[in-house]
Each structure stands twice: as structure tokens, then as C-alpha cells.
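Asks: Protein chains in written order, with my numbering: chain A, 1 to 364; chain B, 1 to 280; chain C, 1 to 151.
For the record, the hints were derived by calculation from the structure and aren't laboratory data.
The structure presented is a predicted model; accordingly, all values stated were derived computationally and were not measured.
Some hints here could point you the wrong way.
Said to hold, decoys possible - Heads up, simulated PhoX-like pairs for lysine-lysine below, C-alpha to C-alpha not over 20 Å straight-line:
#1 A:92 x B:9
#2 B:9 x A:90
#3 B:183 x C:42
#4 C:115 x C:129
#5 C:129 x B:226
#6 B:226 x A:128
#7 B:9 x A:85
#8 B:205 x B:232
#9 A:96 x B:89
#10 A:301 x B:89
#11 A:96 x B:34
#12 A:128 x A:146
#13 C:110 x C:93
#14 C:5 x C:115
Claimed, not checked - Just so you have them, the derived chain B footprint on chain A, three or more residues with Cβ under 8 Å:
#15 33 to 43
#16 81 to 91
#17 302 to 308
Unchecked claim - Sample of chain C residues with no beta-carbon within 12 Å of chain B, all distances over it, derived:
#18 9
#19 16
#20 20
#21 21
#22 33
#23 43
#24 44
#25 71
#26 90
#27 93
#28 106
#29 117
#30 134
Where a beta carbon is used, it is the ideal one built from N, C-alpha and C, also for glycine.
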Amino acid sequence: MHILTIVQLQRLIEIFQDEGREVIGPTRRDGAIVYESIDSVDDLPAGWTDEQAPGTYRLKRRNDGALFGYVVSPTSWKAFLFPPKLSLWKAKRVDKGFEVQPSVGEEPSYVFLGVRGCELKAIEIQDKVFRQGTYQDEVYRRRREKLFVIAVNCAQAASTCFCSSMNTGPEVRGAYDLLLTEIIDQEQHYFLVKSGSPRGEAILEKLSCEPAKKSGQEAYEAILQKTREQIARAIDQKDLKDRLWQNQEHPHWSEIARRCLSCANCTMSCPTCFCSSVEDTTDLTGDHAQRWRMWDSCFNKAYSYIHGGVIRESGHARYRQWMTHKLAGWQDQFGVSGCVGCGRCITWCPSGIDITAEIKEIVS
Amino acid sequence: MESNGLTEKVMVPERFVVQETWEETKDTFTLRLKPTGEAPFVFQPGQFNMLYVFGQGEVPISISGDPAESGDLIHTIRAVGAVTGQLRKLEQGDALGLRGPFGRPWPVEKVKQRDLLIITGGIGLAPLRPVIYHVLRHREDYERVAVLYGARTPQDILYGRQLSEWRGRFDLQVRVTVDQGTKDWHGSIGVVTGLIPRANFDPAKTAAFVCGPEIMMRFTIQELMKAGVAAKDIYVSMERNMHCAAGFCGHCQYGPKFVCKDGPVFCFEEIQDLFYLKEI
Amino acid sequence: MKTIKDLIQEHPFFHDLSPEQTDLVAGCGSNTHFPAGTVIVKEGEPADYFYIIRQGKVTIEIDGQSRGTLYIQTIEAGEVLGWSWLIPPHHWKFTARATEETVATALDGKCLRKKCEEDPVLGYALLKKFATVLASRLEATRVQLLDVYGK
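The following block holds chain A by itself, in its conformation from the complex:
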């Protein structure tokens, strides 16, 4: 473990910029802390935290200047690896039909600064979806291979968090390049930093980081323990897959449907949801066509349309699809749960539907 000062953090950002990489990090905008392109440490939300509860998100001032003193953003890192709108190819009419030109380009080189334990797990889950099937998503692969991950341990949990029962946090575990833990009190403000890869190791050497003292390891453990104790929600994973598949006709689904607006907020904010639609467009001349891939949601009625009608007509069937897929179907398909316990779906649901409470009703 080493020490990274705030000055060195700024230097780190500058090194990436010199390499032509885009640094994505948390910043305050429109009353939220979102992940966007940042230029310097000054863009970080120093002294701000987020208070989250079912259907509630508010920023509040902290009584210190912590740079990573919030929990999770409304949307996740997903949009950078799996773009919400992607051109797949362009085509134009020619004499004997048409010609197609795949939209293959140079993919951006990102640095994610501030990835939480649950978020890193979410990226690993999406790796399974997009890279481990018969067909690989090339755009995802290229962006993923270039990606440099600076993870950050959580020093606080939101009331909506349940990473510990999902085995995704609060401690960051997984394939990161660097892992930061913020140490801040009356006297000092710095980061403990661990490297998780040769790339990470190389950068630490470049910055000439000092090794941490033994008290650093104790501080690290203490922060994580404090966060762990704050986690108030949980999902019991025991036999969850089978119990959920066995309860597809539970009356509680209809009860949830009375509250669910099918607004699709949960699927948009969820860091693992991967559904997309393929759309074909044409220009006014009719001579040029383009194929796009766009984010879609199983909450949309048209999602399950086949000639003759919609398979999942009712709200209850669509909510059931989302939750069952997330907690059970994913395991059948990819060998892991689709949920990382980040709590976004609870926070951003306008009706305040809490997946941890609803699942208890269904499988009890």
C-alpha cells in the first residue's frame, strides 16, 4: 500500500490527459453527482454527499472536504462501455441493390476515476454478457481493453445499499488498476493506494508514491468496517434462483404492479441491464439507411411484441420479467446474479419500489 496525495492525484489526471485518454469521474451537476469527463481534481464533488432512499435523492453538504464522500451516481459507468446509441452500419442504394459499410472506428480510451466495489462487479458482469457468448461486442471489447480503472473504497453507505449481501462490496475486489481509499480528518487529507495490475504499478512508480505506514492498513480496515455496519438492506441469496422460478404466479406480483409505472428508470440506472433494440432508419431520399443499436427496456410494451400482440401485456408480467431476470435468469444465462446491490433501482423508482423488500414477499 502506498500514499497518494491530492497533488499527486492531480498529477495522475494530467498524465492520462497527456496520453490522450479521457478521464471520467464524479462531478456535481443538476443537483446530482454524475460520472462525466473531468479535467482536474477541482471538478470532483469536494465536500458533497448524496442522501438516498426509496424514490429519493438529494445532495447534502458534508462537514469536510472529502472528494469521494458520496455513494453512487444516478447512472453508472455502463454508458461509456455500452453506449446508449451506437451506429452499427450505414448503407446506400446502388444499382443492383445496396452496399453496407460497417461503422468501425477508433474507440475512445477511458480512465474511470472513482469506481465503487459494486460498480466494478457490474462491469465484470457485463464482460460476461458482451464478451463471453458466441458473438462478442467489438465496441465493448475495444473500450474495455483500453480502460484504466481507478477504484475507490466506500467510506459510507447509502440507506439503499445492499452490496454486502450480494458479495460485491463494500470493499473493492476485482480487476482494478488502482484502488484508492480516502483518509480525511482534521489534520490530513490523502489517499491510500493499492495497485492491481502492472499498469497500475507502473503509474505509482512514475508518481514516486511513498509507502504507507502500518497505521494505513488499520485505517483502511476501519473505514471498510464502518461502511459495512451502515448497510441496512440485504437480499438473502440462499436458493434464490429456484425459489424465484417457483413463484412466477405469486399474487404479490400484481400488488407490485399497482405501484410500478413501467417508467423504466430502474433499467436505465442499473449498471448491468443490457437490453437494446436494433433500429433501422433511412433519410428522406430513401437512398441512405443506417442501423443503430439503442438501449431498450423490458418494461416497454413493444419489447415483447410479435405479430398478433404483445406477450407481456400487463405491468405485472413486465415487472416480473425484470426482477426474475435480474435475480434468477441471469444466473441461468451467465452463471452470476445480475444484481450488484448498488441500490439505484430503489433510489430512482418514482414509486419507491424496493427490490430487497419485494423479493422477500415473493420467495417467503
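Put chains B and C on the given structure of chain A with help from the hints.
Replies: Same frame as chain A, now just chains B and C:
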């Protein structure tokens, strides 16, 4: 590094050219296609392609030709929407886009040395016709074979002439029924499930391939199991909304299964619990 | 030369009756055959007989008035034509026409009804069989109603 890249390969349609088109019934037509490249199009019975009309969109259509005939690619299509309506307007020489083949095929190898029931209704005969071609080419690999087909009215019978030809064979049972008869119809009238007790097969060593509207499949499976055919010996072809056909977009999910890659053909035993759930 | 009793015993519909029961039923039976195109029973007429079809094909027709004749079902070899003999007011609800040369065994409804009243065990056995026929006709009709190939 060679990749089955989503954006570079599997989502990009190949150009195919229409060789011939003809009407089958009042709302169903067939396209005979040829690729523009050198390589012949190879597929297995039960697989499907995504057909693209320039600027309009794509639809999943099962392949209904003979898998052993590598020259021509046959698609029988029912005109039910915008894209299929446009496909119907294609003429000889027109180009369309094609991605495929996709999907898990009918298990023609697995059911060798057994009695085989092919039970379909309406346009369901189109995805099963490749099986019939295959079985007739390898007739000695199968025991008693019966094709049971139901249509709405005599005018809606698909591949009528071919069904008549097949009926003339001594090594094939072909029975056709309609829901509503006409004055000139001298065949059976009644639901296709009524043909099952009239067919010749040993339930203990029979495999059944069933394809048609989901309701029809439900009643057919009931009747088959009543006759003693086991769930593990019944295969169905499921249909769901499809966008990518490559297992990414999520639209075709049926419970935990992706119809585009885990199906469209499923062993009934595998999906038995899902099959009777509403809106799944 | 087969007797009525043999024919009844062979027919899938009756083949699990006891020999005594088969005798009773055979007592009400007679051989019939209908050339192709002939009307076997007419809608509205008294339903005095029912038929077990041995060979051929019978089409059930219903007068649809302005819609013309509706052809709604065929009854084939091994199957049974007619249940109105059992259920009052004992009138045919449809017309049945032989689509092909049809050979059948006709069973006298009045005769059988009398025997069933006298022998409830026989009555129950026959009623069970006809209940099955009615149930499967009802199911089939429902499926036809759904017009599954329609859309």
C-alpha cells in the same frame, strides 16, 4: 484477431437476390433467393434468417427449403406487418439483406430409428418442411413417419400440391384437416389434434416435432401426452420478438432462455414449466 | 361373415364392454351403408339412431342461413356419429352427409334407452362413453372457435 464481432459481422446483412417469387395462399408467399457471393448458403432444418428490406427493417423468418439443396434458399413468409408487406412486393432481381442462419435446429439425428410425428398448423408447416425433405432423403433412418397438418380453410392449406404428392407415398402418412370445410372439400374437418388418434405410431418410441400457433401447440402436446408420448420426446418451435438474433438484445427471452440461440427449437421437457405460464 | 356382435366388439368405441353388455347393445344394432353424397341424418329430425362408423367419412353440416351451409367436422372410421339419442328432446342438431362411401353399424336409440333404464350398469357404462365423446367434441369446438390460424 478473427472475431465474430457484433458490430462488424453478425449485425451486417449480406446481399441476396430474389430469383423467383410466388403466392402460396391469400396472405402467404415464397421467395427463392441466391447469395451474391460465391459461398453456398448452408443451414439445418429449423433455423431462421433475419431478412432486411433496405431502410425498412428486419424480420426473423424460418428457412423452408431443402437443406440438401445448397443452390437455392427458400423462405415462405406470411404478410402480417410493414416489413413482411414490403418483402411481398419484391420481384425477380431485387436485392434484400440477410443475416443468418441462426438458432438451434430440429434434432433430426437424435430421433433416428424412431417413429416420427410432424404436427403443424397454418404457416407452421414452413419451418418443418426442411425436416420432411431431410427425412425423405434418409428414409431408412426413421420408422413410421406421419405428417399431420391443420389449416383454417381448404384455401389456406400451405404447400397443398406437395402434401398431395407426399400423401401418395407408401412410406409416409399424410393427414390434412381444416377448421372450416367447404362444399368441395372432401377431406377431414376438425382440429389437428383429432388427427393424432388416427395416425399410426408407437407412443413408446415416438418423437414428435410440433410447430404452429402457441395455442395449437398447447392442445397438441396435451393430446400427445394423453396418447402416451413423453415430454422428453416432444419438440416445439417457439417464437418471440427478435432484434439482434445473436443473444445480445434480450428481446427474445423466454424465461431464462434466448429463443434466438437456445431455441427456437426446444425439447418440451426443457420448457415444460414455462410453457403454461401466462405472459412469460 | 361377421355378426353385429363381432362388429360392435371390434369397434374402438365399444371394445371394452363385457360380453353380456355387448350382447345387449348388439340386440339394438343393424348394418347400414351409405353411398357417397347421401344424407345420413337431417337437422331437426327425430334422433332415433346413432352410428358407429366402420369405414368412410361423414361430414357434419349446419344450415348457416344467409351464410350458407357450414361444414364443421368430419367423423371417420372408428368414431361415433350422434349423441342426441341419449339427450332429450332427441332431435338431430345437425345434418350428416357421407362424403365417401360409408359403412356403419346403426344402433336403435329407443331400444337402447329402454335397455339402459332396465340395466343401470349398462346405462352408466354407455353414458361414460358418450360423456367422453361430448367432452372431446366440446374441447375441439372451443379450439376451432379460437380460430388459431386466423391472425
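Asks: Are the hints correct? Go through all of them and say.
Replies: Hint check:
no.	hint	result
1	A:92 x B:9	holds (18 Å)
2	B:9 x A:90	holds (13 Å)
3	B:183 x C:42	holds (17 Å)
4	C:115 x C:129	holds (16 Å)
5	C:129 x B:226	holds (17 Å)
6	B:226 x A:128	violated (42 Å)
7	B:9 x A:85	holds (18 Å)
8	B:205 x B:232	holds (11 Å)
9	A:96 x B:89	holds (16 Å)
10	A:301 x B:89	violated (29 Å)
11	A:96 x B:34	holds (14 Å)
12	A:128 x A:146	holds (17 Å)
13	C:110 x C:93	holds (18 Å)
14	C:5 x C:115	holds (16 Å)
15	33 to 43	violated (count 0)
16	81 to 91	holds (count 4)
17	302 to 308	holds (count 6)
18	9	holds (19 Å)
19	16	holds (16 Å)
20	20	holds (28 Å)
21	21	holds (23 Å)
22	33	holds (18 Å)
23	43	holds (16 Å)
24	44	holds (21 Å)
25	71	violated (3 Å)
26	90	holds (25 Å)
27	93	holds (16 Å)
28	106	holds (22 Å)
29	117	holds (32 Å)
30	134	holds (15 Å)
When held up to the earlier numbered hints, the structure conflicts with 6, 10, 15, 25 and fits the remainder.
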